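Engineer: Listed below, chain by chain, are the residues.
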Amino acid sequence: MRIAVASGKGGTGKTTVAVALTLASQEPVVYADCDVEEPNGSIFLRPEITNVEKVLVDVPMIDEAKCKACGDCARFCQFNALVSFNTPPLVFSDLCHSCGGCAIVCPTGAISWKKVPVGEISFGSSDGGRISVVQGKLAVGGSLAPPVIRKVKSYLSDNVFTVVDSPPGTSCPVIESLREADYVLLVTEPTPFGLHDLKLAVETVRELDTLFSVIINRFDEGDSGVEQYCEEEKIHIMVKIPHSRLMAETYSRGGNLFDAIPELREVFRDIPLIIQRGVEAQ
Amino acid sequence: MKEIVVISGKGGTGKTSVTGCFAALAENAVLADCDVDAADLHMLLAPEIVKRTDFVSGHEAVIREDDCTACGICREKCNFNAINLTEEGKYRIDPYGCEGCKVCVVVCPVDAIDFPENLCGEWYFSHTRFGPMVHAKLGIGQENSGKLVSTVRREAAVKAKELDRDMVIVDGPPGIGCPVIAAVTGSSLLVVVTEPTISGKHDMKRVLELAKHFSVPALVIINKWDINPEMTEEIEKETLAGGAHPVGRIPYDRDFTVAQINGRTLVEEKTGKAVDNITTIWEKVCRTLR
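Order-wise, the sequence lines are chains A and B.
Following our numbering, the numbering of the first sequence begins with 1 at its first residue and continues without gaps.
Following our numbering, the numbering of the second sequence begins with 283 at its first residue and continues without gaps.
The hints are simulated quantities; they were obtained by calculation from the structure and are not laboratory data.
Remember, it's a predicted structure, so these values are computed and weren't measured experimentally.
Take the hints with a grain of salt, since some may be wrong.
[Said to hold, decoys possible] Only pairs whose alpha carbons sit at most 30 Å apart, straight line, appear in this in silico DSS-like list of lysine-lysine: (1) A:K153 / B:K429; (2) A:K115 / B:K441; (3) B:K384 / A:K54; (4) A:K234 / A:K199; (5) A:K114 / B:K359; (6) A:K115 / B:K384.
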């Protein structure tokens with residue numbers, strides 16, 4: 001089973017929840033960090049890194065001897081990654097989505113591929129091997145998170161309990177992270193910003209037609225808007241995590257939820273079972 | 283005209299609350315919300331929308347099922363796994379997987395794939411109690427957030443010129459990817475709002491690398507600094523090592539949340555330590571710009 005932890009708004013406690021689910025699990029578990037722009041799960045899980053692999057994408061390479069400077073490739077490219085002024089095209093690798101189209105339309109076969117790195121995947125384990133960590137990290141200056149996310153997902157299996165830490169927001173990297181999840185936990189906070197962004201996240205998950213519920217972090221710190229909204233929309237609230245200054249301080253040092261609020265461990269241990277029942281009932 | 287971009291790397295550090303305060307303190311600015319994915323600044327500034335414009339960008343591939351012969355070539359050539367075989371044996375494009383590259387359109391032997399323009403969101407020009415504002419809403423799951431960010435920035439700059447305003451204050455997106463790059467490149471100054479946590483430090487370092495990569499000067503604010511004073515000092519050292527400057531600290535103050543609930547900025551709500559600190563920070567930001 002694959003549970004993705006997501007949130008519209010950043011900083012609501014997405015990573016805290018994903019790490020808590022991982023730590024509380026009784027069985028082998030894979031923690032997949034798909035928040036590749038700012039992957040932070042490893043700060044709290046402290047895996048021993050066993051392997052690091054570059055994420056490579058294909059970008060076009062022009063054979064100038066074969067190129068007739070017709071400009072077909074540049075006209076075709078939807079991402080402006082090729083520019084031609086009656087010359088062999090210039091390639092802007094940062095803009096390339098690696099769709100392969102330029103090579104298909106080139107009439108002289110002048111385009112081949114070279115690999116460029118856009119990020120890296122780290123593999124590691126903690127808790128005596130019970131927890132496996134697969135972390136994606138976008139290179140600084142790289143703009144396209146989805147290829148790195150796809151690479152992380154390529155290492156995931158349906159047979160192992162997997163927790164996916166997704167990026168914030170609702171655009172393409174989020175969709176890429178949530179696409180194959182069996183269930184989504186949306187983490188929010190009880191503030192106007194939290195509620196506004198939760199509504200966007202709910203819209204996203206409903207579009208994807210995935211089962212979901214909500215976790216309210218620092219539930220006693222804001223207003224009742226989120227709870228009212230969940231009631232109106234008949235959205236299940238899985239857990240309400242209290243606000244505590246101790247938690248904020250513990251988090252700041254890389255401590256996890258249970259270091260601050262040990263009694264929540266049991267609650268988080270049961271979440272996968274509750275979800276499993278919900279998924280099976282469907 | 284100067285352009286200040288407020289970013290954070292990590293989400294939830296108080297970027298938008300700080301931007302709201304800057305908006306209230308600035309005297310002659312145009313405001314821009316470039317967090318187009320989950321825009322929140324409007325909840326503090328209550329913009330009155332004057333003009334809405336559709337944001338059309340890129341294309342989307344759509345198979346005409348009646349003309350499709352189900353040969354499967356499109357699916358084979360799609361590098362994004364965006365084409366699914368349905369139970370009825372037809373091919374269908376998943377709009378959330380499609381990146382609009384057009385490969386399927388050109389490889390289809392019977393021209394059964396349309397390629398209409400994609401409406402991905404809209405952007406607005408508005409009035410607020412602190413001056414003009416440009417903001418936007420990206421459609422759910424849309425590509426092209428970077429292009430929408432660029433549109434908002436461009437339109438805000440146009441308004442600043444038109445209305446003779448000398449500054450644009452931009453609320454930026456979280457992260458370091460395509461929308462952040464679109465918000466940062468060519469701006470005058472970055473203000474990075476971080477928090478004294480290991481995650482905050484980690485993400486701030488990546489943002490400062492990004493600032494360096496695009497040669498934009500950066501100032502760093504540590505919000506909720508008293509949650510972990512040692513970490514605050516460490517981050518200030520990292521800031522200097524990363525080629526940026528610490529510009530001030532803001533204490534943890536629950537009234538940020540109260541102000542947000544009241545739909546106002548903290549500097550309008552009250553006086554006190556956090557407000558004094560933000561006001562001093564704003565003065566320093568303005569001096570840095572000059």
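Engineer: For the pair we were handed, K114 (chain A) and K359 (chain B), check the Cα-Cα distance against 30 Å.
Structural biologist: Status holds; Cα separation ~18 Å.
Engineer: Is the hinted pair K115 (chain A) and K441 (chain B) satisfied, with a Cα-Cα distance of at most 30 Å?
Structural biologist: This hinted pair is violated, its Cα atoms lying about 42 Å apart.
Engineer: Are the Cα atoms of K115 (chain A) and K384 (chain B) separated by 30 Å or less?
Structural biologist: Judged against 30 Å, a Cα distance of about 22 Å means the pair holds.
Engineer: Does the structure keep K234 (chain A) and K199 (chain A) at a Cα separation of 30 Å or less?
Structural biologist: 13 Å, holds
Engineer: Please work out if K153 (chain A) and K429 (chain B) have their alpha carbons no farther apart than 30 Å.
Structural biologist: Given pair K153 (chain A), K429 (chain B) holds - Cα atoms ~27 Å apart, limit 30 Å.
Engineer: For the pair supplied as a hint, K384 (chain B) and K54 (chain A), confirm whether the alpha-carbon distance does not exceed 30 Å.
Structural biologist: 28 Å, holds
Checked against the numbered hints given earlier, this structure breaks only hint 2.
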